[in-house]
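There are 2 protein chains.
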Amino acid sequence: MTKSDRLIYLPLGGAGEIGMNAYVYGYGKPGKERLILVDIGVTFPDMDSSPGVNLIVPDIAWLETNKKRLDAIFITHAHEDHVGGLGHLWRRLGAPVYARAFTAHHARRKMEDAGQSPDEVTTVSPYPETVKAGPFTVSFLPISHSIPESSGLVIDSPAGRVIHTGDFKLDETPVLGEPFDEALWREVSKGGVKALVCDSTNVFSEHEGRSEASVKPEITKLVAGAKGMVVATTFASNIARLKTLAEAGQAAGRDVCLLGRAMQRMVAAGEATGIIGKFPATIPVEEARDLPRNKLMLIVTGSQGERRAASAQLSRGKYLGMTMKDGDMFLFSSKTIPGNERGVIRIMNAYSEMGVDIVDDSAGRYHVSGHANRPDLLRMHDIVNPEMVIPMHGEHRHLRQHTRLAIEKGRAGALLVNGMMADISGPAPDVVEYIETGRTYLDGSVQIGAMDGIVRDRIRMALNGHVTATVIMDEDDEPLGDAWVEVMGLAELGKSNAPLVEVVEGDLGQILMRMNDKTLRDDDKMEEAIRREVRRSVMDEIGKKPEVTVVISRLIG
Amino acid sequence: MTKSDRLIYLPLGGAGEIGMNAYVYGYGKPGKERLILVDIGVTFPDMDSSPGVNLIVPDIAWLETNKKRLDAIFITHAHEDHVGGLGHLWRRLGAPVYARAFTAHHARRKMEDAGQSPDEVTTVSPYPETVKAGPFTVSFLPISHSIPESSGLVIDSPAGRVIHTGDFKLDETPVLGEPFDEALWREVSKGGVKALVCDSTNVFSEHEGRSEASVKPEITKLVAGAKGMVVATTFASNIARLKTLAEAGQAAGRDVCLLGRAMQRMVAAGEATGIIGKFPATIPVEEARDLPRNKLMLIVTGSQGERRAASAQLSRGKYLGMTMKDGDMFLFSSKTIPGNERGVIRIMNAYSEMGVDIVDDSAGRYHVSGHANRPDLLRMHDIVNPEMVIPMHGEHRHLRQHTRLAIEKGRAGALLVNGMMADISGPAPDVVEYIETGRTYLDGSVQIGAMDGIVRDRIRMALNGHVTATVIMDEDDEPLGDAWVEVMGLAELGKSNAPLVEVVEGDLGQILMRMNDKTLRDDDKMEEAIRREVRRSVMDEIGKKPEVTVVISRLIG
Chain A
872 MTKSDRLIYL PLGGAGEIGM NAYVYGYGKP GKERLILVDI GVTFPDMDSS PGVNLIVPDI
932 AWLETNKKRL DAIFITHAHE DHVGGLGHLW RRLGAPVYAR AFTAHHARRK MEDAGQSPDE
992 VTTVSPYPET VKAGPFTVSF LPISHSIPES SGLVIDSPAG RVIHTGDFKL DETPVLGEPF
1052 DEALWREVSK GGVKALVCDS TNVFSEHEGR SEASVKPEIT KLVAGAKGMV VATTFASNIA
1112 RLKTLAEAGQ AAGRDVCLLG RAMQRMVAAG EATGIIGKFP ATIPVEEARD LPRNKLMLIV
1172 TGSQGERRAA SAQLSRGKYL GMTMKDGDMF LFSSKTIPGN ERGVIRIMNA YSEMGVDIVD
1232 DSAGRYHVSG HANRPDLLRM HDIVNPEMVI PMHGEHRHLR QHTRLAIEKG RAGALLVNGM
1292 MADISGPAPD VVEYIETGRT YLDGSVQIGA MDGIVRDRIR MALNGHVTAT VIMDEDDEPL
1352 GDAWVEVMGL AELGKSNAPL VEVVEGDLGQ ILMRMNDKTL RDDDKMEEAI RREVRRSVMD
1412 EIGKKPEVTV VISRLIG
Chain B
872 MTKSDRLIYL PLGGAGEIGM NAYVYGYGKP GKERLILVDI GVTFPDMDSS PGVNLIVPDI
932 AWLETNKKRL DAIFITHAHE DHVGGLGHLW RRLGAPVYAR AFTAHHARRK MEDAGQSPDE
992 VTTVSPYPET VKAGPFTVSF LPISHSIPES SGLVIDSPAG RVIHTGDFKL DETPVLGEPF
1052 DEALWREVSK GGVKALVCDS TNVFSEHEGR SEASVKPEIT KLVAGAKGMV VATTFASNIA
1112 RLKTLAEAGQ AAGRDVCLLG RAMQRMVAAG EATGIIGKFP ATIPVEEARD LPRNKLMLIV
1172 TGSQGERRAA SAQLSRGKYL GMTMKDGDMF LFSSKTIPGN ERGVIRIMNA YSEMGVDIVD
1232 DSAGRYHVSG HANRPDLLRM HDIVNPEMVI PMHGEHRHLR QHTRLAIEKG RAGALLVNGM
1292 MADISGPAPD VVEYIETGRT YLDGSVQIGA MDGIVRDRIR MALNGHVTAT VIMDEDDEPL
1352 GDAWVEVMGL AELGKSNAPL VEVVEGDLGQ ILMRMNDKTL RDDDKMEEAI RREVRRSVMD
1412 EIGKKPEVTV VISRLIG
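Protein chains in written order, with our numbering: chain A, 872 to 1428; chain B, 872 to 1428.
It is possible that part of the hints are untrue.
[To be verified] What the simulated footprint calls covered on chain B by chain A, stretch by stretch (three residues with Cβ under 8 Å from a Cβ of chain A suffice, anywhere in the stretch; the number is not a length):
1) 974-981
2) 1311-1317
3) 1347-1357
4) 1413-1425
No wet-lab data here; the hints were simulated from the structure.
Using N, Cα and C, we set each Cβ at its ideal position, and we do this for glycine too.
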């Protein structure tokens, strides 16, 4: 480490939000640091702010501009908010991708789905195996989470060691995959750690987290007591939970059937990579249809109320020949993520109408979180005992609370959100630059900026409706015939009790008649006058100010 | 009661949903019953299902058709989901309105706001005072809830007594307003009650409800320990809570200022009707601006994250000259209603960015519910000891669970949702007819049906974007010039890397050229062909299928 070299940290996504994780580390002379990227995730759209959008990824424009300096991409685990952006964004970055086997399996699929070579993804064994990437030496340190083979990263640079936790919990009995190995983490940390960059999502949960193993007896008891068909949902990627659910079904003498593509894909990935161990035998849906209901358990996708997932489809009627009936049980072995309540409640009520008993996790019996709670975070700080704590993955309020926790315990810490580039070479983070970041929308088959105004226009049409007004101008710049109005998303009748379009056409006829020659020759002026009159007229009739498209066609003499 | 007379119950809103309460009772010969309506509430729109809609009220078409049989409207309490529809719908019903003083105060405002006479609302004293309405004699029976003067209704008919609880909790120390008077409810019930029509919203809450008085010590302690400005939010209508908050501020030596119109309106209503008692003196915002922050407490509207309420405005910056700063505290003395999480979280993070400490009710210390929990519901069943229990006000799952509870305890009960007319003259409810019900949207200044397709079109534009395609046809039914395309809410560039509108116009030019004379003379066929080609072309370019408005203008020779 020469005097002018520095170690930098730059979150591009995930710091100031839950989801869309993307963290850059760099080492070298200012502005010339060699870079690595940790995770490249997605976040999900909603009707309120991003209607019609397929997926949301971080704006990586800065990284793309500096792609020549990017030596590698590391993926901590296979959740969508960590690996989901790989297929969509890799082409713009072009760096080699490293992950452990199960994660790499998913990363390769993402690459293939986007028409890129899966060979860009290299499988790495966990610590002590290392990957050299420019000035960095990186190692995958196993940690427990709600998906197999999650890892923290040990990132060594000439400026010292950084530990990036990835998403994690401290689970010593995780049902499947590696238990949290405190001794190993202490071993890795004992030479001194410059910075602990640490998951923050559960910082507001005051009690120590519970182990995945703790839900098994409860689920087993519940399934054993069921009379009709049992259907359970959880995140497909939580293979430990799938195993617990399947084993509970098996113990109750039921055949188990997995429904939903994500579910089958995950179990296949688990089998392909050998991490799944002894998973109960499952039957195909064709067989399930013929079984007595009390001999059957379905494990289905859609714990968050997703409209196209198996749980929602079953709630609307038949799905792959299966239906829910009076006396069946539906178990949400999951927590509803804030923002998804409406969809989940819709499904619950649909099942209620069918006479299905719904068991959710309001009492915390059938689900545990995959993230470290407040006491667990403090325990992690103590185990690693870093020079500084940098909270990541969380909304602003999570990062702030986590930073405060660290500082209260006498550690250096800093609240760094997306776009804040910090020099972490010294004893505490020092913000050296603000990078423009944001969200990129995957909309249909194209990528658009969240601030481009395109989705804003869609929101406006949803709120205000739309009017098309057409006028044809003759060779003498006089209106030819009447203006023509079409509406979409607006009431047909207003206060005049005449069709809205006729009223607006009448009003447009009036202002066209009064327009002076100068305006009639000027498309922009005419358009503005027509738009204003349409809005005024519609407002007067039905109390709404619509979005307006004006088409002026001029016949040329 | 002659042999052919019957007593009927018909929910038009609130049974199968939370909000929008409207329950009809009738007595008389089948099809000729004299009717009364209990409550006429609203529910609130959301972006997912009703973007741009102002408010949602029950579809009262059936009641309007039978308005000659309607003798009275009774309002149980002044919450919007019970009285909010009065102004919008009264004209279509025209029956006299009865309520207790505080509720009547609000009901009159609703009437005035809609340009109707407040004199249609009559103030009624509580039990034992009665109102005669056709064959019914109705009395307001005080009960505790989260707004003053809430009442159950004692509805007497020749077929017996019905008790309609309204929204309620069993609170013997409600801080403000009448404590739950078990002796009175026993007294009213002792002659025998045919049906208990009972609030169901909290049936999934397993523990006995807590009293409003229980939050006072916690809130007082919290405010006493605060260093900077304290800002607290709750439902404006929860005057007891406002009082608790204001008293906590006063006890901590702070001046109290109410921000937000709903807040001021509620306190004014409380003062006008004398129910508020000794409320701490408040100061106007002009004075508040000049006070030291540690001497000030604001109580503000917007506990549900409403964008225009005081809490959201403060989170975006200055509101009426007030701003939040590092070291201030913001207290949510409220629960987030499912579906409102995103808005509330947005505010929390905005405050976090300002350095404000956010205290929410995740631990249940600073808020209690206004509704009866499961054990309280069972206690109410026992107190009233009715022949049958009819659960109302709840989603399907709540009504189902509540019905089951009653049946498990050996009572008759029935799950009746909106539109199910039940004869309750006999020992158990007997569904005799299905009435068409639904939701009416207040959209701008007009009322539209939820199923009219108008809002569905708006949702489609939000998801898919919009294209206008214009073609002018000459006197010989040949296209005059090129087709003209305008887009809204769609990416400007697609896979051809040329402007989307140009690509689509080019494609339209191609199909117009290939169109046969028959199609060119037929507006419907042409429109369909153009719409299909626009969708195909846009799909090909950017992967989206837009909504399309086609305008074909024909010049007449």
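Checked hints:
Remark: the segment 974-981 of chain B is not confirmed as covered by chain A, as 0 of its residues place a Cβ nearer than 8 Å to a Cβ of that chain, below the required three. Only residues whose C-beta sits within less than 8 Å of a C-beta in chain A count toward coverage, and the segment 1311-1317 of chain B has 4 of them, enough to reach three; the restraint holds. For the segment 1347-1357 of chain B, the proposed coverage by chain A is satisfied: 4 residues have a C-beta within less than 8 Å of a C-beta in that chain, meeting the threshold of three. For a cut-off of 8 Å, the count of residues in the segment 1413-1425 of chain B with a CB near a CB of chain A stands at 7, and the three-residue condition holds.
Checked against the numbered hints listed earlier, the structure breaks hint 1 alone; every other hint is satisfied.
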